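Colleague: Whole structure, please, built from the sequences with the hints as guidance.
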Amino acid sequence: MNFSFINSGLLFALPLVLIPVIIHLFSIKNSRVKKFPETKYIAQAVKKSITRIHLLQLLLLLLRVLIVALLVFFFAGTVLHKNANSAGPASPEAYYVLLDNSYSMGAVYKNSSSFDRGKNACLRVLKGLRKIDSVSFALFSNIAEPKLKGLTSEPAEVEKKIKTAGLSARSTSIKSGLSTALDALKQVPGVSKQIIVVTDLALHGYAQFAFAPGELDPKVNLVFIDVGETADNIAAANASAGISSFEDRLKFKVDIFGYTAARYSKVPVTLLLNGQKAAYGFAEVKPGRKTVKTLYAGAGESESSAGSVKLEVEDALALDNSSYFTVSGRQLKKILLVDGDSKISAFLSETFYLNLALNPNQRFSRELLPSVCVLNELKNKNLSEYKAVILCNIPELLPAEAGVLLTYLKNGGNLVYFLGDKIELKNYAALDSALFPAVIRGEEEGNFKIDGKTLSSGHPLLKNTDAGKLEEVSFSRVYRLAPRSKCFSYLDFAGLNCPAFLESGKISAASGRVLIFPFPADRDRTDFPLRNAYLPFMQELAKYLAEGKTQESPDALCAGELFKRKFEISGLSGSVEVTNPAGAVKKIVLQGNTFEYPFTDSPGIYSYRYADSKGRKKEYFSVNLDTGSGESDLKKLAPAELPKLFPPKTFVYLLKNGKKTERDIVALVRGEELSTPLLLALLFLLTAEGMLSLRRFL
Amino acid sequence: MGKYFNPEELTKFAGFSVMAGNLVDGFLAGLHPALRKGVSTDFTEHREYSFGDETKRIDWKVLAKSDRYFIREYREEANLSCHILLDASASMDYASGKISKYKYSVFLSAALAYLMTIQQDKTGLVIFDKELKSLIPPKAGKKHLSLIFEELENSKPSGNTMLPEVLQKAAGLLKKRGLTVLITDLYGDTEKIIRNTKYLLSGKNEVIVFQVLDEDELSLPFKESFLFESLEEGAPVLALPGMIREEYKRIMLALTAKFRKEFNAAGIDYTLLSTKTPVEEALLFYLERRARVVG
Chain A
1 MNFSFINSGL LFALPLVLIP VIIHLFSIKN SRVKKFPETK YIAQAVKKSI TRIHLLQLLL
61 LLLRVLIVAL LVFFFAGTVL HKNANSAGPA SPEAYYVLLD NSYSMGAVYK NSSSFDRGKN
121 ACLRVLKGLR KIDSVSFALF SNIAEPKLKG LTSEPAEVEK KIKTAGLSAR STSIKSGLST
181 ALDALKQVPG VSKQIIVVTD LALHGYAQFA FAPGELDPKV NLVFIDVGET ADNIAAANAS
241 AGISSFEDRL KFKVDIFGYT AARYSKVPVT LLLNGQKAAY GFAEVKPGRK TVKTLYAGAG
301 ESESSAGSVK LEVEDALALD NSSYFTVSGR QLKKILLVDG DSKISAFLSE TFYLNLALNP
361 NQRFSRELLP SVCVLNELKN KNLSEYKAVI LCNIPELLPA EAGVLLTYLK NGGNLVYFLG
421 DKIELKNYAA LDSALFPAVI RGEEEGNFKI DGKTLSSGHP LLKNTDAGKL EEVSFSRVYR
481 LAPRSKCFSY LDFAGLNCPA FLESGKISAA SGRVLIFPFP ADRDRTDFPL RNAYLPFMQE
541 LAKYLAEGKT QESPDALCAG ELFKRKFEIS GLSGSVEVTN PAGAVKKIVL QGNTFEYPFT
601 DSPGIYSYRY ADSKGRKKEY FSVNLDTGSG ESDLKKLAPA ELPKLFPPKT FVYLLKNGKK
661 TERDIVALVR GEELSTPLLL ALLFLLTAEG MLSLRRFL
Chain B
699 MGKYFNPEEL TKFAGFSVMA GNLVDGFLAG LHPALRKGVS TDFTEHREYS FGDETKRIDW
759 KVLAKSDRYF IREYREEANL SCHILLDASA SMDYASGKIS KYKYSVFLSA ALAYLMTIQQ
819 DKTGLVIFDK ELKSLIPPKA GKKHLSLIFE ELENSKPSGN TMLPEVLQKA AGLLKKRGLT
879 VLITDLYGDT EKIIRNTKYL LSGKNEVIVF QVLDEDELSL PFKESFLFES LEEGAPVLAL
939 PGMIREEYKR IMLALTAKFR KEFNAAGIDY TLLSTKTPVE EALLFYLERR ARVVG
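Chains A and B supply the protein sequences, listed in that same order. Position 561 of the first sequence, counting from 1, maps to 561 under this note's numbering, and the rest follow consecutively. Position 228 of the second sequence, counting from 1, maps to 926 under this note's numbering, and the rest follow consecutively.
Since the hints were made in silico from the structure, they are not lab data. Worth double-checking, as some hints may not be accurate.
Derived PhoX-like pairs (lysine-lysine); straight-line CA-CA distance at most 20 Å [stated by the list, open to error]:
#1 Lys947/B with Lys40/A
#2 Lys947/B with Lys48/A
#3 Lys110/A with Lys636/A
#4 Lys131/A with Lys160/A
#5 Lys796/B with Lys34/A
Remember, it's a predicted structure, so these values are computed and weren't measured experimentally.
Modeller: Here is the structure:
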């Protein structure tokens, strides 16, 4: 804290403080003479009161000296600088105004949003600027969007940018904005520099907020203007669909976060599916807790669907009351099990254990959806819906069936063979090498185990499988397989020199995989289904196969994230048509088989259309707010905590938004003129002096 | 003229001796008979006999004529020797208003002398400062009163007081039975003053002390700071009256209280007079004490 003076020349009048001292001394020496009959008793009274008299005189003298000094300071125009970085009232200043436009700034309090208040605060900052000052403006959330190139001396230009600024659906990262502003201010030489951060000061913006000691220029003043208000907010997040135990119904789950001070009971929750209201319910929202709400609805006939879960509640932030999701074949990962040895009892069927392993507990939703059919049904199935077709002990594949499967394979489908006692060796030998990339050389009988040494082959399927448990599995009868070209063995039977698992390379970039196991999926020739290794092995197998037709981006994105999809099918046309939630259509040119869509600024359902050899297709992806970042929590950072986030010796100030914002900033940056406090102090001192003087004379 | 003389009003008149006479006459007219009547050979009036009266005082001629008993009343004869001791030191010259302590004291002395004279008392006057300036021995009669008036009118206050020493001297001179009235501001060594005043009580002498002070001396009402210089001896004192007023008042109150206590204990009548106090109050005080002496 230091002082400067507008009319510093007047400080030469400071010796005037000697006047009261001189008057005091003069008055002592030049008192009027009064003849009095007897002075003895006056002398006695003086002697007894001398301490009080001296104190009073000293106090009066002090007051008068102070009055003169304050008068001099008043006329000299004293300016107080709380900020050591202040360059003085006449120096040019550079301002970088950062306005938080993360979605939490949309919180409404008393009919105005934090963002509106923030814009007003920015405009007030501009009011305090002089012609010699320069300014720049940027919006920031988890990214910074500079609205001007460098700094300008034209506040009108900045004012226009502020007025047209809009809220984003992103989360906050104060650091992103600060880094941008610091970089810009580095280009401005030798003036007083300040970054004005207009934000709601919500806690989440400061997570993992750390500056290295040299990262912040200690000569830059950081002024935070708090435009936020703590208010109750409820947010919906992570809406997702899964399979329910009910055959034709889907199970929808949504997380509801209660950033509230009190409990909210019976918050209405609505599920919209493909634009139709599909389900309705109520949720209990507890303060500071997450509530999982489950709703059930019919999946409909569409291969892919989109929808949202909406909380019908009036809280501070309406934007985060909806959570969007998509439901598609890719998400559900359907697996077709073809039973080659079906029996009346499902327990005796070839696919019983496999089906159970892939769908272990039907009460819970999960990613995999196995369904069972017999070979005859295969021709009627729309195989493109399935991630994989698992052929369990199929005796033979007729040309028609082989043709369907080959097409499926070429289009990206995956095939798995479990070879049991029913298979016709001749038929298998005659199959296309792409469809069955191995040769069956015969059968081996005995008690065989998996060779432990081959378990570390690095195949993804074996990554999450417990090797020890897999070694415990015993096989009584297995086929001796020999891989054809581009087919590789990954597991061997111990002491048999014969592969236990084969996988062929892809015949084309768009084609799927073929995996062959020389043993059945049931208990006919092995105790594998009874072993602990069976379930995780089969789950991993299904997941591995389901990845065959994947995209790089998930179907659910956070606002601002890049949507990327890589098609592994051939015959795509040159562009993809993307429709955003507002209905605006944008054509994205394919880069090879990939298309990228970066314009995911608004939360909602995006649809994209593309055409392949089979015709036009429409799919969806959803964009949600990043509620996981805690952005919906409107709890504010404690003012005392703010300076602690920065390295020592950083000048950090926090101002509350209000009508005096520009004055406060100017006072902080340029110093505060003390005319009013000095005047008040003068009045007080004069009053005190008057009262003491009266006390002296009365 | 009202019931009382305002002391300041007295200054309007040139001859205060005339005024003193008028004042005392007017004062006596409203006074209780017991305070003013005495025994004298000069007949004044008849009074109906009442039980206890001396039979020798019955007017037999009136009895013969009217067959009723009347007592002959006579003017009392002067049998007191009164001395007025007047302080004429420089400190008595102080005046906050129109009348100084000395003028007030002179007027009081004149009024007392007049009153004593008409009561047939012998009246003497002693004017002193550090020593006895003039001494008029006590005598009765109007001629003598004129002499006292003349002396009072011609006197002027000056010099330092040496009250204890003067009192000691005066005690030697005033041996005759009577009444001594001391009019002074009592400034000096308090203990000595009290001790030496007691000397005046020798024989059957009664002593009345009138301490005459100005209002300024009692309340120190000044506002600005002054360098107070004494009218007599004493070092000058720089003081802010506002700051010491309460303490000063306490000191003065303690001083007068001390005088009152010590004098009363010794049988000396003491009263404090400010120059604003009506003179009649002092005269009444005197008469009460005289009645006791004559008793």
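Colleague: So, for every hint listed, does it hold in this structure?
Modeller: Here's how the hints hold up against the structure:
no., hint, verdict
1, Lys947/B with Lys40/A, "holds (13 Å)"
2, Lys947/B with Lys48/A, "holds (12 Å)"
3, Lys110/A with Lys636/A, "holds (18 Å)"
4, Lys131/A with Lys160/A, "holds (18 Å)"
5, Lys796/B with Lys34/A, "holds (17 Å)"
The structure shown violates none of the earlier numbered hints.
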